[in-house]
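Keeping their order, the protein sequence lines are chains A and B. Under the numbering used here, residues 1 to 263 are what the first sequence spells out, in order. Under the numbering used here, residues 264 to 933 are what the second sequence spells out, in order.
Hints may be right or wrong, so weigh each one.
Straight-line Cα separation of at most 30 Å, DSBU-like style, residue types lysine-lysine; simulated pairs [as the list claims (entries may be wrong)]:
id: 1; chain 1: A; residue 1: Lys138; chain 2: B; residue 2: Lys578
id: 2; chain 1: A; residue 1: Lys154; chain 2: B; residue 2: Lys911
id: 3; chain 1: B; residue 1: Lys789; chain 2: A; residue 2: Lys99
id: 4; chain 1: B; residue 1: Lys314; chain 2: A; residue 2: Lys128
Which bits of chain B does chain A cover? Going by a derived footprint, with three or more residues having C-beta under 8 Å, they are [unchecked claim]:
id: 5; stretch: 425–435
id: 6; stretch: 542–555
These aren't lab readings, by the way, just hints derived from the structure by calculation. A virtual CB, placed ideally from N, CA and C, is assigned to each residue, including glycine.
One-letter residues, chain by chain:
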Amino acid sequence: MDTDQANNKAILEVKNISLSFGGVNALSDVSFDIVESEIRAIIGPNGAGKSSMLNVINGFYNPQEGEIWFKGQKRKNLKPYHIARQGIARTFQNIALFKGMSTLDNIMTGRYIHMKCNLLSQALWWGKAEREEMEHRKRVEEIIDFLEIQSIRKTPVGRLPYGLQKRVELGRALAAESTLLLLDEPMAGMNLEEKEDMCRFIIDANDQFGTTIALIEHDMGVVMDLSDRVVVLDYGRKLADGTPDEVRKNQDVIDAYLGVSNE
Amino acid sequence: MLLDEEYKRSFFISHKNRPVPDTQTAGLDTFPRLLLYHAKVRADRPAIREKDLGIWQVWSWDQMKTEILTFANGLAAMGFKRGDKIAIIGSNRPRLYWGMTAVQCLGGIPVPVYHDSVADEMAYVLKHAEVTFALVEDQEQVDKILEVQTQCPALKTIIYDDSRGLRDYDHTHMQAFDDVQRAGKSFSDKNPEFLSQEINKCSGSDISIFLYTSGTTGKPKGVVLTNDNILITARNSAQIDGLNDKDEALAYLPMAWVGDNIFSYGQAYAVGFCINCPEGEDTVATDLREIGPTFYFAPPRVFENLLTSVTIRMKDASKLKQMLFGYFMNIAHRTGISILNNQPVGFLDRFLYQVGELLVYGPLKNSMGFNRIRLAYTAGEAIGPEIFDFFRSLGINIKQLYGQTEASVFITAQPDGEVFADTVGVPSPGVEIKIAESGEVIYRGPGVFHSYYKNPEATEQTKDAEGWVKTGDAGYFDDKGHLKIIDRVKDVGKLNSGELFAPKYIENKLKFFPQIKEAVAFGHEKDYVTAMVNIDLDAVGNWAERHNIPYSSYQELAAHPQVFNMIMEDIEKVNQDLAADEKLSNTQIKRFLILHKELDADDGELTRTRKVRRRIISERYSQLIDALYSNRNQCHVKTEVTFEDGRKGFIEADLDIKNVKTFEPLRKAS
Chain A
1 MDTDQANNKA ILEVKNISLS FGGVNALSDV SFDIVESEIR AIIGPNGAGK
51 SSMLNVINGF YNPQEGEIWF KGQKRKNLKP YHIARQGIAR TFQNIALFKG
101 MSTLDNIMTG RYIHMKCNLL SQALWWGKAE REEMEHRKRV EEIIDFLEIQ
151 SIRKTPVGRL PYGLQKRVEL GRALAAESTL LLLDEPMAGM NLEEKEDMCR
201 FIIDANDQFG TTIALIEHDM GVVMDLSDRV VVLDYGRKLA DGTPDEVRKN
251 QDVIDAYLGV SNE
Chain B
264 MLLDEEYKRS FFISHKNRPV PDTQTAGLDT FPRLLLYHAK VRADRPAIRE
314 KDLGIWQVWS WDQMKTEILT FANGLAAMGF KRGDKIAIIG SNRPRLYWGM
364 TAVQCLGGIP VPVYHDSVAD EMAYVLKHAE VTFALVEDQE QVDKILEVQT
414 QCPALKTIIY DDSRGLRDYD HTHMQAFDDV QRAGKSFSDK NPEFLSQEIN
464 KCSGSDISIF LYTSGTTGKP KGVVLTNDNI LITARNSAQI DGLNDKDEAL
514 AYLPMAWVGD NIFSYGQAYA VGFCINCPEG EDTVATDLRE IGPTFYFAPP
564 RVFENLLTSV TIRMKDASKL KQMLFGYFMN IAHRTGISIL NNQPVGFLDR
614 FLYQVGELLV YGPLKNSMGF NRIRLAYTAG EAIGPEIFDF FRSLGINIKQ
664 LYGQTEASVF ITAQPDGEVF ADTVGVPSPG VEIKIAESGE VIYRGPGVFH
714 SYYKNPEATE QTKDAEGWVK TGDAGYFDDK GHLKIIDRVK DVGKLNSGEL
764 FAPKYIENKL KFFPQIKEAV AFGHEKDYVT AMVNIDLDAV GNWAERHNIP
814 YSSYQELAAH PQVFNMIMED IEKVNQDLAA DEKLSNTQIK RFLILHKELD
864 ADDGELTRTR KVRRRIISER YSQLIDALYS NRNQCHVKTE VTFEDGRKGF
914 IEADLDIKNV KTFEPLRKAS
C-alpha cells in the first residue's frame, strides 16, 4: 500500500487550519492530507488537538481559518449530517451508541443516510420501504459477520462489555459505507486481545472495503504497525508528518511525545 | 442406485416401526453410497442447514449430493488419489462435512483436527497422518498451517472455505472451495463416469476416517475407523433409540471428536436426518433455541450450567413465578420421571403434571431450546443425580451412554425406561462386555477400531487377537445388569482388608454437592477411607451471606464450625449412599478434614483441566494424611503456595479432623 502513495490522489486535504475557543488555540496552522485507501494515524500528547482535528474534519467545529478540500473540492462550512452524507463516518472517543437499542438496530442507524423512502412509507413498512429495508439489513448482516458479533445481534448494547460496544460502534460507522472513516481512539481501554481483534478489523476493513481510515490512537505499537503514514500534533501545531519509521526517528517527536527508554 | 423393492426389502424395522435402512444387506455400506441413496429416496428433505448472515440456509439431500460430487471431482482434478489423506480443520461448517464425504467418494481418508489446537499440536497430527491436502475453514487455520508447513513436507495444497483476509496470500498452493468446485465441473464434463467408478470401488471394510485422540497422556494416537465401524454402530444405535429422517440435530461438537462423527455424520447418513450448523461457537445457545433439535448430545457440564442458569434466573423472578416454579417442580420431581418411564401414575398427578407442562415445564424447555427434544445423550463423566433428575422430570429423555473413540462411541447405553443416574446402561447392540480380573471393563463389537495408525505396539496393547479392547476403566455390572463405571483402573486401589477402593467414585459423589468443589479420597493400603475436602467459595460464600456469617478469606470460611458441620452432613449422605452399593459399601469415609487452601493448578495439585494429581497431593500433605490415620482431632499444617504472579508464600493453619458416622452395608457384598 505504501509503495504507490505518491500515485494516489489525496481524498482529503486540510490546509492551514486554525481553531480557537476564546483565547485557547486548539489548532494553529495545521496542514496535512489523507490519500485514498491509506490508514492515516494522528498522534500526540493529551490536549494536542487530535480530537479537535477530527471534529473539524467531520464538521462539528468550524475552524476560524483554513480550508478543507474533500475529493478535490473545497468544502464550505456544513452541518455534520451533510458531511456524513458526503461520505465521512466516524466513531467517538467515549462511545456514543443508543444504549437501549440492540446491536442490530444500532448498526442499522448507520444505514440511515442511505435510506430513500419517506417517513410515512417506512412507518407503514410496505412495498418499496420493505424491500429497501431488506437490502439494508443484508448489508448490516454482512457487517455483523465481518465483525464476528453474531452472538450479540439482538442484545441491547447497554448490556455489552466495553470492548464489544467499541466494535458495535465501528460496525455502525462501517454501515455508512463512507469513503473516509474517522476513528477516535478505537482501542482505548481495551485489553490486549481486544486490541488485536480491533486491529484486524481495521486492517480488514481497509483491505476488503477499500475504506480510507484516519485514526487517533495512543498505543504506539498499534499505530506503528497499522498505519501507512502518521501525523504528529503537539499544542495544536503539526510537529511531524511521514511514515511510522520517519516519525519514530524524528527528534522533535521523541522530545515531545515518545521519549527515550532509560537504558 | 437402488430399486425401490430393494430399498423396501432393505428396511430394518425398529421397535418403533421407524425404518432405518440396513447398510449391510442393501450395499449401502459407505458414506458416498448412502449419499446417493438419500438423494434419491428423500431428495427434497433437508440434509444440512447453516445460519449465514442471520438466516438459516438449507440444502436438501439432492443439493448436497451435487455440492459434494462437484467438490469430489474438483479434488480429483487437483490430483487427489485413492488413499490420500486430507486434514479437515475448522468449526462445524457444511462445506467441511461435504469435504469429508467428497474425500470418501475418492477412496481418500479425512483426518479432522481440533480447530482450536495451536499450530505445533496441529503439526504433529498433520505429519503423523501424512496428509497431502488440507481443507480449512478460514484465515486463522490457513495461518496456522503456513506456520508449520515446513514440518509437514507432504502437505501440498490448502483449500479454504471463507476467503476473508486471504486475498493477498500466495495462491500457488492454495485454493478457494468455490474454485475447486469450478474445476470439478469442467473435470466431470470431460470424465463423466470417473466419480461413479471411484464410488463403486469403495466398500464397507475400507478405512473411513482417522480420529486423533486428544492425548492427555503422551502424543495423540490416530484411531483408524472403517466405514463398517461407524455405519453399523450408527445404525444400531439409531435403531434402538428410534431415530428417523424427521429428526433434527445440532452439529456443534468438535469435528475431530468421535462423538461428532457419530451423532452429526454417521447417524445422519445412516438414517437421513438433518443436521444444523450454528452460526458460531458463541451463538450455540441461541441457535439451539431457534432450531429446537429433537436429538441432542451434550457433556454433563452443559446440563449442569443450564440448571445453574435456570436456578439463578428463578431467584430473580417475581414471587408468583417463584411460587409456581417451586410448586410444579415438586410435582415434576414426584411424577415426571415415572411418566417418562411409562410407569403407572395416579390420575391427579398426571393431571397436575399436564398443567405444569402448560405453565412451567413447556416454557422452560422452550427457553432452553428443548421443546421438541425426543432424545438427549450425555457422556464423558459422571453426571450429578439431581441434574439428571431435573431434566428427566421435565420430560426430557436424557440418557447416559458410555463409549470411547476406539469403540466408535457406543459401548453401553441406557434403554428407555431403565435410566439411572449412577450406571451407564446395558451393552449396545452387538457389543459384548467382560470384566477382567483386574476389574477392567473390556469389550468387543462391530465398532471396534481397525488399529492405531502407524502404532502397532499400542494397537496390540489395547486390542487382543480376538478383538477384545481394554477401556482402562474399572467397573462392574450391578444386579439390574447395568454397567457401573467406578474409576480408572490405575487409580483403583485396595483397602488393607482387600476391599475394592475407587477414589474417583467417592470424590464424584462428594463433588455433586454444590458446596464441595474438590475432594480427594485416600484408602489404598490403609485400614479405612478418609477424605480432604475443598469447599466451593461461591456456593458457601453465598450461603454465608444469607446467614450473616462474616468471613474474610477462603481459609476463614473453611474453618467455620457451621461450614464444617454442613460438609459433615454431606459426607454422611455419601456414606449412606455407599452403604447401599454392592461392592463399595465398606469404603465409607471414616474421617475427613476441610483443607485450608483451594487446590490449585499453579501449585501442581491439579492438572490444567482440573483433575486431581494424587501423588503430588499425598506428598505435599503427608502430615495431614498421617493425622487422618491417627486419633488426633487437630493438625497443624504449613503449606507453600504460588501466587498468580509467581511469588511464593506460606499458609499456616490448624485443621480440625472429625470422625463421620458410617452405616451398616444394606446388603452383603458379593
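Structure-based check of each hint:
1. A:Lys138 with B:Lys578: violated, 39 Å
2. A:Lys154 with B:Lys911: violated, 46 Å
3. B:Lys789 with A:Lys99: Outside the cut-off at roughly 63 Å; violated.
4. B:Lys314 with A:Lys128: Given pair B:Lys314, A:Lys128 holds - Cα atoms ~26 Å apart, limit 30 Å.
5. 425–435: n = 4 at 8 Å, threshold three: holds.
6. 542–555: holds (count 5)
In the structure shown, a violation is registered for the earlier hints numbered 1, 2 and 3, in ascending order.
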